[in-house]
Structure formats: structure tokens, C-alpha cells
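Colleague: Residue-level listing of the chains:
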Amino acid sequence: MSADTAEVDRPAPVVPGVARTSGTDGGEIVHPGRDRYHDVVAAHRDAGFEMLADLSAVDYLAHPGRHLPDGVAPARFEVVAVLLSMAQRRRVRVRVQVPEDDPVVASLWDLYRGAEALEREAYDMFGIVFSGHPDLSRILMPEDWEGHPLRKDFGVGRVPVQFKEAPGPR
Amino acid sequence: MTPESRSLLSQETAEGSQEMASRDATAPAELEREVGAVLRLPEGGVVNASDFDVERTDDETMIINMGPQHPSTHGVLRLMMELDGETVLRTKPVIGYLHTGMEKTGEELTYQQGATNVTRMDYLSPLNNELVFALATERLLGIELPPRALWIRMLLSELQRVSSHLMWMATNGMDVGSTTMMIFGFRERELVLAFFEKTTGVRMNHNFIRPGGTAADLPDGWEDDVEVILDNVTVRLDDYDELLTGQPIFRERMEGVGAISAEEAIALSATGPILRSTGVPWDLRRTMPYLAYDEVDFDVIVGTYGDNFDRYAIRLNEIRESVRILRQVLERVPAGDYRVQDKKVTPPPRARIDESMEALIHHFKIFTEGYKVPEGEVYVAVESPRGELGCYLVSDGSSKPYRLHIRAPSFVNLQSLPVMMHGGLVADAVATISSVDPVMGEVDR
Amino acid sequence: MGLEDLQHNFLTGRIEDLVKWARRNSVWPVTFGLACCAIEMMAVGAADFDISRFGMEVFRASPRQADLMIVAGRVSQKMAPVLRQVYDQMMEPKWVISMGVCASTGGMFNNYAIVQGVDQVVPVDVYAPGCPPSPEMLLHAILTLHEKIRTGAITRRRGAPAGGPEELAGWVPERPDAVRLGTPR
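So the sequence lines, in the order shown, correspond to chains A, B and C.
136 is the number that the numbering used here gives to position 136 of the first sequence; each next residue is one higher, with no gaps.
148 is the number that the numbering used here gives to position 148 of the second sequence; each next residue is one higher, with no gaps.
122 is the number that the numbering used here gives to position 122 of the third sequence; each next residue is one higher, with no gaps.
Excised from the complex, chain A in its bound form (with noise of 0.2 Å):
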């Protein structure tokens, strides 16, 4: 899963100079820096890929090791877009990294309205701030909710329940 494997009946990529992987179901994955991530799918959408199929966040802290391409540095954040073309029946998935101390990243509400909803929720989950959002706020917990629960520092909050058993596997 190296950057720049040229094969026979791969696309060419729409960015040139941007790192892409394959991924694990053979989708295509294309890895800009936070500074270009705006462009790249900007270009994405001109190229083609009229719908955001899906965005979200992951939080790799307590992950072991991911493949990624050389060059691109691992963050505590990752967002995910998934984005659709529906001329040419395909999907490109841009992997971001966000750090953790400075965890901003641009919004796509200006190229996809239907970005919003769904970045409201990687805020609301994650804490990771979109600049340009028009209304970033939380959209699944309640307005004043401290923390953002699907961190992987932040617990299940299970409330111990009283059998008389041994503690099961979770």
C-alpha cells in the first residue's frame, strides 16, 4: 500500500502530488495535509464527485499502528470524507490528520451543503472545529454537555449494574 503504485486500471488520480493509498476493499484513499485538504476536494468536486457521501472523525489514540503513505505524519484526529461520483459509479476517500492540540480543519459547506449536519456531529463527538461552518454546535448531545463522548479518553459511562457474577469481558 504504497503512495504513487502505478497500476493499469487504477484512475488517475485527480490531484497529482497528493499521497493515495489503496485501501483495504481496493477504494481508492487520498491523504492531503490539513493545508490542502480544501483544494483537494475542491478539485474533487470540479473533477466530478458531485456528492459528500459521508464525513467523520476518528480518534487514534489508543490504535496500535495504521498504514499510511510516507510523508504523511499520524495525528491524534483523522477525518474521514467520503466523497461520490456518481458519473463514474465511485467512491475517494480523503483522510486528513488533525492534531490534537490544534484540532481545526477547514469546512466543506461551502462545496457541499450537506456537509453541515455532519460536521456538527464530528464537533459534537470529537470536538473538532471546522472553520467556515455557518452554525457549529452540537447537534446530538444536549447544548451544555461537557466533553465529547465517542474520544477514546472519555468512558462508556456504564453504571455498575449489581449481579452477583464475575465482571464480564467488557
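Derived from the structure by calculation, the hints contain no laboratory data.
No residue lacks a Cβ here, since even glycine has one placed at the ideal position from N, Cα and C.
Treat each hint with caution, since some may be false.
[Stated by the list, open to error] Computed, partial: chain B to chain C, Cβ under 8 Å:
{"id": "1", "residue": "Q69"}
{"id": "2", "residue": "P71"}
{"id": "3", "residue": "V76"}
{"id": "4", "residue": "Y97"}
{"id": "5", "residue": "L98"}
{"id": "6", "residue": "T100"}
{"id": "7", "residue": "G101"}
{"id": "8", "residue": "T105"}
{"id": "9", "residue": "T116"}
{"id": "10", "residue": "Y123"}
{"id": "11", "residue": "I183"}
{"id": "12", "residue": "F186"}
{"id": "13", "residue": "E190"}
{"id": "14", "residue": "M204"}
{"id": "15", "residue": "G441"}
Given chain A's structure and the hints, the job is docking chains B and C onto it.
Modeller: Showing chains B and C alone in chain A's frame:
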């Protein structure tokens, strides 16, 4: 803006304040989107904000709150609507009233247990949730399923689509005012649920489609049961067609209401019947097939105007197309294994556990510790009755998902609700919500 | 002057029976379907399982007009205050059925987001377990509630200290094995 009306906009409610920005703070880009809403500009073309008189004095408009408990049967959705008299200007859907932390729970359960969690998201078509989770896990595992497993899954998925759309027709009829449709819709749905109970053991939230195949084979005599369902549904669909489609009140309430254009739908990432009602023939079963959908014959139903009536017609006819697929499945289901014969992934049959020590150990390990899935990440999507249902799964090599994210179609489709309701009447709000068909379980997860 | 002032005698016994009969034969639920259990609740309202034979098919949207709140589904942190508000708006006498394991105890979701049992928020009369409870189970819960109304006190005040003999601590139905569907009373 008077100070009083400004404070009204950031009213403290018992749940905290939910603010709507005042109108003069709205950026021209967003104003353009509002003013360019569908009924006046059918192509969704670019509008110059200076061409329209967007100056309004705010004391003409009021903000009312609908929900989260309300007569519409579509769950705990709260709408803050800005009204000018009876006309809806801007809407803010407020969600989160059913947030269950399922994505967090998914990180605590093994892959074998994952279906129990995921199935409760879209509770009107639970087998689809299980299917997408199982497909994602199988991609990570790199296993291929035997053909019978694929066809059984397809059978269940299409039956689920029939039951979900019948449920939609029932609740849509109820929301629009036809209680008869509510009773009728549930009648057929009971047939399908009885079949599910016979096959999977429960009427809802089945936990049947698991990574590796399905939990059990189809019971004896299933072909007759499915035939009975198909015959009944075919006949009664014509009844429902007659009950609703030509009925003047129904047509008045649905035609031209809640319209959305194709450009707006694509920009808002709407999929499923909403996108197809605008004329875009995007159905994942046809365009990016999974299971064995490329081997069966069916049509993709599209609408023209993008209004509520188009979405009703699409769902009605999708039931017919599902019946068509089911008849083909009935004839062509291959014999064979209903799950992959990989001992590390699928538990052994119960009888084997008494005979073989290995089988016992495998069963034990799979159900307590779980099987380990190689490290990686994958995004898989299927066509649920509501649109593109996707699963983004990140694995760290252990027996539990590292990150489970479900791209819920209703969550994304709800963003098209303000555009649909813009310029409509308050009384149409319930009908429009109903035609978006949100299932709050998957919206909030 | 109200029902509380009546002394117990033969005539008031009859009146009590009449009042209880009237109350249990027209318990109107408020629409409080939250999640998957709501679908089974709607199925109970539909033709195959018909609660109209018990006089209950009118699900009132307004809590002022309702007697029963069937909390059908998981109650999240954001929804709990709303639940309490709707419950407070209902007029006495009112009952609560906690339908499903999520409403009864938090169910399979023991995490930050779900209230672990709706009895943390409102007092519950009948718990109906299941995930979701099949319509027959919900009907059994409803009939248990009818039995409770039939044998309970009509002037029971919620939250009042358990004083009189009619308090419901330790209540068991008089005919626990005979809660049959459709038995006329």
C-alpha cells in the same frame, strides 16, 4: 431588531437555548439558497441576492417549536420554525433526543455481537443495518460468501424493504389524515413480520445477518410463506393505489408540496427516494451492486417534480419492484451453505458441539472473546429504504471494532427538510416530514 | 369535597367499582413512542392486535387528554426533561407503563447517553420487558394495568406516604394467572 425580539430568538428552554441567528446576520450565500428555493426557480439556478427584496422586519415573523413530542408519527424530531403567518420561512431541525451512544457501544462489543447494536439504529429495516455491518466486517476479514448466503440476504433485504415501505405508507397515510391506510399498512406488514419471526426468531431487531453469512438457514416451507406474502401484497397494493393515488384530498395535500430540485438534493447529499424523486436515477442496487443485485431484474423508479407525491409514488412502486425481485429470488435461490465455512469466523452448528472438542472451543472463543479482524479501514454502503446506508469501520486488529461509524441516510436527508419546507404552510410540515421518512433511531444513533 | 371524603360503605363500594370500571375501560394513551418499541406499540394499535377492544385506540397527542403514558423506547439524556414535562402535564389519574427493557432499566445501552430506567424520571406502574416486547406482551402489560386499576384505590395519590391499606406497595393482582385477553368484566 428590537431587544425584545432579539431575546426571543435565544430563548432559554428547559433544555438550554437553541439559537437561530437573526435574519440580518444571514450571509448572502445562504440567503440566496433560501430565496432560490424550489417553487420559483425550478432549475435551482444562481440568484443574485440584490434582485430580491430580502429586507424583512423581524417583528413580522415568529418562531414556533414543534416537538419533540408531537402528533406526527415519525419520532422525536423537534422543529424550530420561523413563520410569517402560516408560511414557513426557515426551519431548524433539532435532533439528539434519541441519541443512544451506539457508536461508542459498538467499540465495546465484539464483531459477533455488533449486529445486536447496529440493528437498533434504523428500526424499521433492521436487517439492512446488520447487512451493512456484516459486509464491512467481511471486507476487512477478506472472506467470500457462498452464493446461498448472498441470496438469503437479498431475500431478507427485499422483504425488509417491503415491510419498511408499507410502514411508511401506513404512517404517511395517518399523517395526512387517512387512518384507514394506517390499519391497512400494518395488516400486510404483519404477514412479513410473521415470516421474519419464523425465520429469525423475532419480529424486529433480528440479529440474523452476521459476518460470515446468516445465523441460520431458511426454515422448511419458506417458499410457500413468501408466495403468500407476495400474492397478498400484490393484490392489496392495488387497493392502496386506488385508496390514495386518485383521491383528491390526498393529491392536493401531496402534489407540489415539499418540492426539491436535483441540484439541491445532490448538494445536500440526499439519497434514496428523495434523490430519485427529483429525477436522478441513483440506486445503489443498480449502480454499485452488492450481494447478487446485478443478477436480478428490476427497475429503478424515478420521479419528476421532487415533491411529496413523487416520493409516495416511488415508494409504492418500489414495493412492486421488490415483489418482482422476490419472485426471482424464490425461483433462483441456490442450494448450499448459508454461511462461510471458516471455523474462525462462523460458530459451529449446535449439534457438533456435543461431538467435537474443537467445535466446543471454537464456539466458546467466538462467543466470548470474538474473532480478530485484521487492521484496516473500510467504507461499505447499501441501499436501505431511506437511502445510502454506509458503514465506516476501522479495525485495530483486535476482536472489537476500533471505530464504528454508520452513515445514516435519515441523518443526512433531514438537511433537505428546511429546503422542502421553505415557503410552505405549517400544515404541510407534518406531511413533508413524513415524506422524508426519517427514522430517529438512525438519525441520532 | 371530593372522593376522598366518602366513607366506605355499601353504596360507596358500588360507586368505587363503577369509577374503576369506567377508568380502566377507556384508558387513553399519550403518543410517547420513542424508538423501536413505538413500532410495536403502533402494531398493537393496528388491526391484528387491536387495543380498540379495550377502548384504547385513541392515542391522544395532547397529554392533557390522556390517562396513560406508555414510554416506548430508550430515553436519552436530552429527552428526559421532555418526558417529565409531558408527564407533569397529564391530569390525575394517570399511569405509566414502561415498555421495553430500555425504558425499564436502560436495556442493552448501559452508557453515557441513556437514562438507566425511566423510573428515575417518572413513577412507573407496570414494566413490560422485551426488546421490543411483542404486541402480546404489551397487551399483557396493559391488562395487568387494568387489573391494577380494578383492585387499587381510586384516591391514591402518587408520592404520598404509604399509609392506608390501599397503597400499592406489595400489590399483586388478585387473579395473576387469569389475565385473559378479552375477558369481560
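Colleague: Failing hints, ascending?
Modeller: The structure breaks none of the hints.
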